[in-house]
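All the letters of the sequence shown, read from the start, carry residue numbers 51 to 214 under my numbering.
Calculated directly from the structure, the hints in this document are not laboratory data.
A hint or two may mislead.
What the hints assert, rightly or not - Below, computed lysine-lysine pairings styled on BS3-like, alpha-carbon distance capped at 27 Å:
1) Lys118 x Lys158
2) Lys181 x Lys198
3) Lys158 x Lys138
Stated by the list, open to error - DEER-style ranges, computed between Cβ atoms:
4) Leu159 x Lys198: 43 to 49 Å
5) Leu142 x Ala179: 46 to 52 Å
6) Thr66 x Glu163: 38 to 44 Å
7) Ala197 x Glu163: 53 to 59 Å
8) Ser114 x Ser164: 28 to 34 Å
9) Phe203 x Ser102: 21 to 27 Å
10) Leu136 x Ser114: 44 to 50 Å
11) Asn192 x Glu87: 46 to 52 Å
12) Thr175 x Val200: 55 to 61 Å
13) Glu97 x Arg151: 56 to 62 Å
14) Leu136 x Glu185: 55 to 61 Å
15) Ala125 x Glu97: 41 to 47 Å
16) Glu121 x Ala86: 49 to 55 Å
17) Ser204 x Ser114: 46 to 52 Å
Positions of the beta carbon are idealized from the N, C-alpha and C atoms, including for glycine.
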Amino acid sequence: MSQDLETLSLLHKIETAAIESCDVAVDEIILSLERAEGVDLTASLLERVEHSAEHYKAKAKQYSAIHKALEATSAKMRAFIKDAALAKDDMLLEGVETYFRVSRAKSKLEIDESLLPKEFLRPVTEYVADKALIESELNLGNEIPGAKFVESFSLRSYVKRKVA
51 MSQDLETLSL
61 LHKIETAAIE
71 SCDVAVDEII
81 LSLERAEGVD
91 LTASLLERVE
101 HSAEHYKAKA
111 KQYSAIHKAL
121 EATSAKMRAF
131 IKDAALAKDD
141 MLLEGVETYF
151 RVSRAKSKLE
161 IDESLLPKEF
171 LRPVTEYVAD
181 KALIESELNL
191 GNEIPGAKFV
201 ESFSLRSYVK
211 RKVA
């Protein structure tokens, strides 16, 4: 039970530090790895941190969708208000406490490139790395300036089976 409390305490510190854009108290975690219980604590903490990250990712996605919907609604409302004001001679909509006035602004440039004559188009050349070719050449032992394989490691967490 005390391990759960310690895990929750560290998780709270990590989430608070992440929210405040501070460095996480990793030194406490590193110190805990020096003892067997600390490895278990760290494994539990890692699982909870990853779960929290997924939770906040889902929340961010949800809030992003709400943000997009509200922006779209705002744009539609502005367009409706502009159209309503433009329909009036003085381009003014008045309420008791608020009014909207539409005034002329600098014209916006709208371009349909498919209809433009060639003299108004300029060529654009873009070079991107051919990753598949580079990887196959490196695998053959060829050296390519600017490309190399970098050793990487993955971390996996396992639950020990109880030994009878």
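Evaluation of the provided hints:
Distance hint between Lys118 and Lys158 is fulfilled; the C-alpha atoms sit about 24 Å from each other, no more than 27 Å. In summary, the hint linking Lys181 to Lys198 is supported, as the alpha carbons are separated by about 11 Å, within the 27 Å threshold. For the proposed pair Lys158 and Lys138, the alpha carbon gap of about 23 Å is at most 27 Å, so the pair holds. Between Leu159 and Lys198 the Cβ separation comes to about 45 Å, which falls inside the hinted range of 43 to 49 Å.
Here the CB-CB span from Leu142 to Ala179 is close to 57 Å, at odds with the stated 46 to 52 Å. The hinted window of 38 to 44 Å between Thr66 and Glu163 is violated, with their beta carbons roughly 50 Å apart. Checking the proposed 53 to 59 Å range against Ala197 and Glu163 shows it is violated: the Cβ atoms sit about 35 Å from each other. Between Ser114 and Ser164 the CB atoms are about 33 Å apart, so this pair conforms to the stated range of 28 to 34 Å.
A hinted range of 21 to 27 Å for the beta carbons of Phe203 and Ser102 is consistent with their spacing of about 23 Å. About 33 Å separates the C-beta atoms of Leu136 and Ser114, a value inconsistent with the hinted range of 44 to 50 Å. Evaluation of the 46 to 52 Å hint for Asn192 and Glu87 yields a pass: the beta carbon distance comes to about 50 Å. For Thr175 and Val200, the hinted distance range of 55 to 61 Å is not satisfied, since their beta carbons lie about 29 Å from each other.
Hint check: Glu97 to Arg151, Cβ distance near 58 Å, so the stated range 56 to 62 Å holds. As the Cβ distance of Leu136 to Glu185 is approximately 58 Å, the hint placing it in 55 to 61 Å holds. The beta-carbon spacing between Ala125 and Glu97, approximately 42 Å, falls within the hinted interval of 41 to 47 Å. Taken as a hint, the range 49 to 55 Å holds for the pair Glu121 and Ala86, whose Cβ atoms sit roughly 52 Å apart.
Distance hint for Ser204 and Ser114: a CB-CB separation of about 29 Å, inconsistent with the stated range 46 to 52 Å.
The structure does not agree with the numbered hints 5, 6, 7, 10, 12, 17 stated previously, though it agrees with the rest.
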